[in-house]
Structure formats: C-alpha cells, structure tokens
Amino acid sequence: MKLKADRATLLKALAHIQSVAEKRNTIPILANVLINVADGRLTLTATDMEIAVVEEIGAETARNGAVTAPAAVLHEIVRKLPDGVAVELDHAGGDAPLALRAGRYTTSLNVLDVDDFPSMTAGSLPNHFTVPASVLRGLIDRTRFAISTEETRYYLNGIYLHVAPGEAGPMLRAVATDGHRLARVETEVPSGAEEMPGVIVPRKTIAELRKLLDEGAEDVVVGLSDTRIQFSVGPVTLTSKLIDGTFPEYDRVIPRGNDRVLRVGKKDFSDAVARVAAISQERSRPVKLSIGHNLLTLSAVSPDQGTAKEELDENHVTYDAEPMEIGFQARYLNDITDQIDRDVEFLFSDSSAPTIVRDVASPSALYVLMPMRV
Amino acid sequence: MARQEEDKSVIRRIIHVDMDAFYASVEQRDDPALRGRPVAVGGSRQRGVVAAASYEARQYGVRSAMPSVTARRKCPDLVFVPPRFDVYRAVSAGIHAIFARYTALIQPLSLDEAYLDVTVSLAAHASATAIAQDIRAAIRAETGLTASAGVSYNKFLAKLASDYRKPDGLYVITPRMGPRFVESLPVERFHGIGPATAARMHALGIRTGLDLRGWDMERLSRHFGRAAAFYHGIARGLDDRPVEPDRKRKSIGAERTLEQDIHHWEQALAVLEPLVDRVWEASGKRGLGGRTVTVKVRYADFRHTGRARSLAAPLASRAALHEMAMGLMRPFFPPEMGVRLLGVTLSNLDDGGTPAAGTQFALALDPP
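Read top to bottom, the protein sequences are chains A and B. Oh and the first sequence: position 361 is 361 in the UniProt record's numbering, straight run, nothing missing. Oh and the second sequence: position 261 is 261 in the UniProt record's numbering, straight run, nothing missing.
No lab work stands behind these hints: they were computed from the structure. All C-beta atoms in this analysis are idealised placements derived from N, C-alpha and C, irrespective of residue type, glycine included. One should not assume that every hint holds.
[To be verified] Some chain A residues judged to face chain B by a derived CB distance under 8 Å, without partners named: (1) Q329; (2) S349; (3) S352; (4) P354; (5) V368.
Work the whole structure out from these sequences, hints included.
Here it is in structure tokens:
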C-alpha cells in the first residue's frame with residue numbers, strides 16, 4: 001500500500017476516525033485505523049464494535065493494500081505536521097512497519113494484522129431516506145441534552161427516532177428523556193421513512209453524527225434496519241448498532257390539561273436563571289419561580305452562601321392564571337431555553353406536576369420538565 | 001469499668017426477653033394435637049424452609065432456617081404447619097403490652113424478642129431480676145407461652161444470659177460476673193460476630209473471649225476496622241449500645257426462595273413483580289422512601305451476589321422502584337447456573353416527614 005495525501009484532508013478524516021476508535025485500549029486493534037487502498041481509492045475505517053466510521057478521501061494512490069496503525073498516534077503526528085505538506089504513507093505488506101514521510105520528517109509505525117480488524121457490517125438496511133442536514137441538526141440539538149446517562153436505563157441512553165401519528169398526519173419524531181425531562185421534536189416524514197421501525201440511536205453515535213453535520217454536507221442519507229442505522233454524510237459513512245430495548249410510552253407523561261400559561265422572553269429569563277442560580281454551586285438546588293399576574297420572581301436559597309432574587313415584570317412576562325410557586329433545576333431550565341430563540345411558553349398544572357415548555361415560534365418542539373420540591 | 005462499678009447509678013439494668021420456640025409454641029398452644037410432637041412451622045414443599053422448630057423437633061437437630069427437606073430427613077415424623085403470621089403478630093403485641101407495664105424503653109428485635117431497659121423502673125420494683133420474673137409470669141398467664149429472660153448491665157450480656165437457661169429460664173449476669181462469663185465463650189457464640197468474622201478470628205488464633213481480650217484496640221482496628229471498638233468492648237463484657245425504642249429501620253426488603261431453580265429472565269420477572277409490590281407497600285405503610293435499591297441473587301450452589309444503585313432522591317413511585325430493580329437484575333440473566341432466590345431491598349430510608357427542598361420529581365415513565 002502506498003499513497004500520498006494532502007495533510008489537511010488527511011487530518012480532517014483522522015479527526016473523525018480517532019474519535020470513534022476505542023480509547024480504553026481493551027482490545028488493541030480497536031485503537032487502530034484501517035487504511036485501505038483498493039482500485040486506487042483510499043478509505044479510512046475505525047470501529048469500537050458499536051460504531052464504525054468509514055471515510056473515503058482523495059489521495060494519489062500508488063499501490064493497493066491495507067494496513068492498520070494506531071489512530072490516535074497517527075492523528076497526533078499529522079496534526080503536528082506543517083500545513084500544506086504532502087503526507088506519504090508507505091507499507092510494504094505483512095508485519096512491516098508503516099512509513100510516514102512528510103517533507104523531511106519520517107516515522108515508522110508498528111502495525112497490527114489487517115485480518116484481525118473487526119468488520120462491522122451494516123447488513124441489509126431495508127429503510128432508506130434522505131433528510132437535509134439542517135433538519136437532522138434540529139432534531140438532535142433540541143433533544144440530545146435530555147438523553148439519560150444512567151446505565152441501568154440503557155433504553156434511555158439515546159434518541160428515540162420513530163414515525164408517530166401527529167395532529168396533521170404522521171411525523172418523524174425524535175424523543176429523549178432522562179426521567180426528569182423529556183424533549184420531543186418532530187418533522188415531516190421523509191419519503192422512504194414511512195415504514196421505518198422505531199429505533200433508539202445511542203448517545204455516542206449522536207455525538208459523532210452531530211460533528212459530521214457541521215461539515216458542509218447538504219443532505220444525509222439514512223439507512224436502517226431493526227438493529228443498525230447508517231448515516232452517509234458526504235464522504236463519511238457512520239454505521240451504528242441500535243440500542244436493543246423498548247423506549248417507554250413517553251406519550252403518557254406529556255400532560256394535556258396544563259392551563260396556566262406563562263410567557264417570558266428567552267434571554268431575560270435564561271439570564272435571570274443563571275444569575276439567581278449562581279448563588280449555589282449545588283446542582284440540585286432549585287430555582288423557585290413565584291408567578292403572579294404578569295410578574296415572575298425567580299429566587300434561590302443556598303444554606304451556605306445566602307439568597308438571590310430577580311423580578312421580571314409585565315415588560316417581560318405575561319401570566320393571567322392563579323398565582324403559583326414552582327421550582328426547577330437551573331440547568332434543566334437552561335438546557336431547554338438554550339434551544340429556544342425568542343419567547344418561551346410554560347404550561348403549568350401545579351408545583352409537583354409535569355410542566356410543558358415550548359418555543360412560541362416553533363411548535364415542532366415540545367419539552368416536559370418535572371419540578372423540584374421547593 | 002472500675003469507675004462503672006464504683007458508681008452504681010450509671011450501671012444499667014437491661015432485660016432481654018426471648019420467647020421459646022415462638023411460632024411453634026403458638027401452634028402447639030392452639031392445636032392440642034401438636035403438643036409433645038416435633039413441629040416445624042414453615043413450608044413442607046421442596047424449597048420450603050423451617051421458620052421455627054418446637055423443642056421436640058430440635059432434639060432431632062431440626063433448626064430454624066433449615067431447608068425443609070433436610071429437616072424431614074433428620075426427623076421423619078416432623079409435622080409441618082404453615083405459618084400464621086397475623087396470629088404471631090397479635091400475640092407479640094400482647095407481650096409488648098406486658099413489657100410496657102414496666103418500662104417505655106423497649107426495643108423489639110423481632111416478633112419474639114426484645115430488649116428492655118428497666119434502669120429507671122427500679123424505684124417501684126425490688127430488682128431487675130424481679131421484673132424479669134414478673135414479666136415471664138405475666139406472659140405465661142396471659143398468653144399460655146413460655147419466655148426466657150436474661151438480665152445484665154448491657155444488651156450484649158443480657159442476650160447471652162437469656163440463651164443460658166433456655167427454655168423457660170432466667171439468668172442474671174452481674175457486673176462482677178460479666179468479664180469472666182465472656183472469657184470461656186467461643187467467639188462464634190458472640191452476638192455480633194458472624195460466621196465470616198468468626199472464621200477470620202479463628203485464623204488469627206482468636207477462639208474465645210479470653211483470646212479476644214488479649215488484642216488491643218490498635219491490632220483489632222487493623223484487622224476489623226470500625227467493628228474493632230465493639231469487639232474490644234464485648235471481650236471485656238462491655239457494651240454501651242443503648243436500648244433504642246424507636247430504632248430506625250435501615251432497610252425494607254423482600255426475597256423469595258423459588259420452588260425450582262430458574263434460568264430465564266421471564267421467570268425472574270414473574271418473581272420480581274410481587275417482591276417489588278411487597279417492598280413498595282411496606283415502605284408506603286411505614287411512610288419511608290428509599291434512595292438505594294439492592295437486588296440479590298442466590299444460585300443453586302448457595303453462592304450469592306447482588307448489585308445496588310443509589311439515587312440523589314428517594315424513589316418517587318412503584319414504577320421507579322420496579323424499573324431500578326429490573327435494571328439491576330437484568331445483567332444476572334441468563335445465569336451460569338440455576339437461581340434459587342431473588343431479593344429486592346430498599347435502603348437509605350428517609351421518613352419523608354419533612355421532604356427536603358430540592359427533591360427532584362420524576363416523570364412517570366412506563367417500565368420497559
């Protein structure tokens with residue numbers, strides 16, 4: 001195997017690759033990148049057995065062949081090479097080390113047997129559809145903060161992607177919850193996705209995919225089966241196992257009768273939350289919202305540090321229902337308001353019941369937030 | 001020690017009352033046909049366990065917690081009686097009422113035994129020993145059952161004493177006798193030293209109370225950590241644990257020994273459902289919420305294992321308990337060998353009387 005590639009091109013691909021490659025070093029070959037030149041085309045592959053990323057990059061190829069070398073080391077070396085330099089990779093085959101030459105720099109890397117590199121095949125992917133990268137970004141950004149990290153609830157450790165009957169026909173929905181809050185975002189069902197099974201896409205896959213979505217591709221081709229999902233984003237193909245579990249019937253926790261409506265400007269609100277919450281480093285201390293007619297008072301108490309309070313009056317707030325008090329974790333509030341552009345709408349029932357939060361300008365997203373006792 | 005002996009006023013008077021073969025005696029009392037016969041309370045079926053054995057049965061080597069199969073092998077004439085816990089609870093309440101005539105400081109250990117601190121009751125009575133005699137007489141007169149009692153100056157010795165003349169006996173360990181009483185006692189007979197600790201002590205050459213007394217605090221600490229102070233004390237007949245009338249419950253658990261070993265998750269689910277119900281009901285009844293869920297698995301070869309998980313706030317619903325328990329138990333299935341017992345325990349209890357500000361409410365998500 002022999003090739004010459006532009007440093008910047010190689011670096012970008014290796015960045016994707018090394019982020020998927022296994023870092024915990026339990027199975028050495030999983031820390032390696034598979035460099036393959038076949039029919040004059042160069043592909044790089046990495047996998048942690050849950051996710052595989054394959055990237056095709058432009059290179060001058062001189063000789064076919066394949067080799068595996070440590071992804072993190074290779075990435076680090078290429079990162080430190082001067083910009084604009086051409087990088088030559090040369091492997092004679094078998095156990096021979098991989099030679100890397102760039103300008104007057106040379107290195108020789110130990111390799112592992114290509115035959116030991118696990119292949120993570122997608123198998124047959126009966127459902128295929130194309131979705132604009134911007135739409136996928138919207139689905140991910142507005143739900144991923146709610147993904148649970150609790151291992152015992154493994155079936156919540158991802159985004160539940162499925163087709164659900166909406167008010168005006170079926171919608172493609174992304175849902176995530178950690179048991180304290182839930183985010184549900186929907187979009188039109190892309191052509192080809194109508195029959196797709198509901199799938200839970202793991203958190204790490206979401207994180208890798210999200211990075212790729214910022215790199216200029218207009219559209220993403222999604223292929224999926226019951227057990228695998230594949231995203232093709234430009235030259236990169238990300239294949240992932242799905243979480244084998246049943247997502248809860250989340251619809252049951254979305255309240256229907258919440259009729260106390262509070263509207264507040266997003267920036268005023270989230271800034272006030274941040275200022276009031278700054279009194280306590282403890283994550284679990286609530287920010288209390290005391291709500292009266294067109295008046296919202298945010299307050300927090302820290303047994304050690306003191307108290308803080310801020311009022312938002314009728315210039316910022318509308319509220320016309322019975323006065324009430326309710327507490328929320330500051331971070332939970334801001335995770336949601338971070339996804340809202342201008343105006344936030346809260347729909348309350350009472351101080352211990354699930355609260356609905358919406359973006360006034362964007363009905364496609366709905367958030368459910370459980371309060372804290374205050 | 002010396003100082004305690006000088007100042008009589010600080011010497012406590014503790015009585016440990018222990019009903020004799022309680023469940024079995026209640027059954028023999030209520031069914032004359034059972035009197036004089038070896039009786040075991042518990043399930044006779046394949047996986048049953050003896051909950052209590054009458055003294056007749058004990059002569060054959062039948063003991064509580066023994067598998068019913070073993071018990072029947074030891075005593076082919078053994079009569080198995082299903083337990084009637086509601087009756088035992090009622091009798092126990094009656095006995096508690098008798099205790100309450102003498103002191104408010106009553107610490108029940110179970111339905112059939114309790115510690116009483118009668119130090120302050122002494123003014124109205126001749127002695128702690130007299131109180132113990134009165135209590136035993138009242139129990140016999142009012143319930144038709146016999147109890148053994150131990151009287152001493154701390155809980156540890158009172159419990160040893162009640163065991164000393166069982167059944168239907170009374171024994172007193174005075175402060176002067178205490179240290180000597182402990183000297184000859186094998187460490188495995190000490191309450192508070194379990195089989196595992198006893199084995200470790202044996203390995204260190206500690207077999208009796210006298211051996212244990214030869215160890216200073218520093219050496220004990222090195223080997224036994226936090227328990228060292230307790231061992232150091234009891235080796236000298238000292239134990240300053242108070243009688244705690246409203247001793248807080250530390251955990252609420254339920255477990256079930258299975259009729260037959262199970263191997264599949266579906267079978268485990270069927271067992272776990274009622275266990276979760278029982279734990280949740282019990283915690284509800286006592287008004288206690290728990291932050292930690294522990295699951296327990298015992299295999300066919302009696303090895304056991306478990307997993308636990310704690311939350312920042314007490315579990316808010318049965319569904320949450322269910323979900324935690326299932327999630328913790330799931331990795332044990334499929335097991336390498338048959339499973340004979342499953343258990344679920346809720347601990348880190350919080351009485352919820354004053355719910356802490358900052359408790360995060362949870363969404364009532366469906367269990368998977």
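Hint-by-hint comparison with the structure:
1. Q329: holds (7 Å)
2. S349: Since the shortest Cβ distance to chain B is 12 Å, the answer is violated.
3. S352: holds (6 Å)
4. P354: Status holds, d = 6 Å.
5. V368: At about 7 Å, which falls below the 8 Å cut-off, the nearest Cβ of chain B leaves the hint on V368(A) intact, so it holds.
When each numbered hint is compared with the structure, a violation occurs for hint 2 only.
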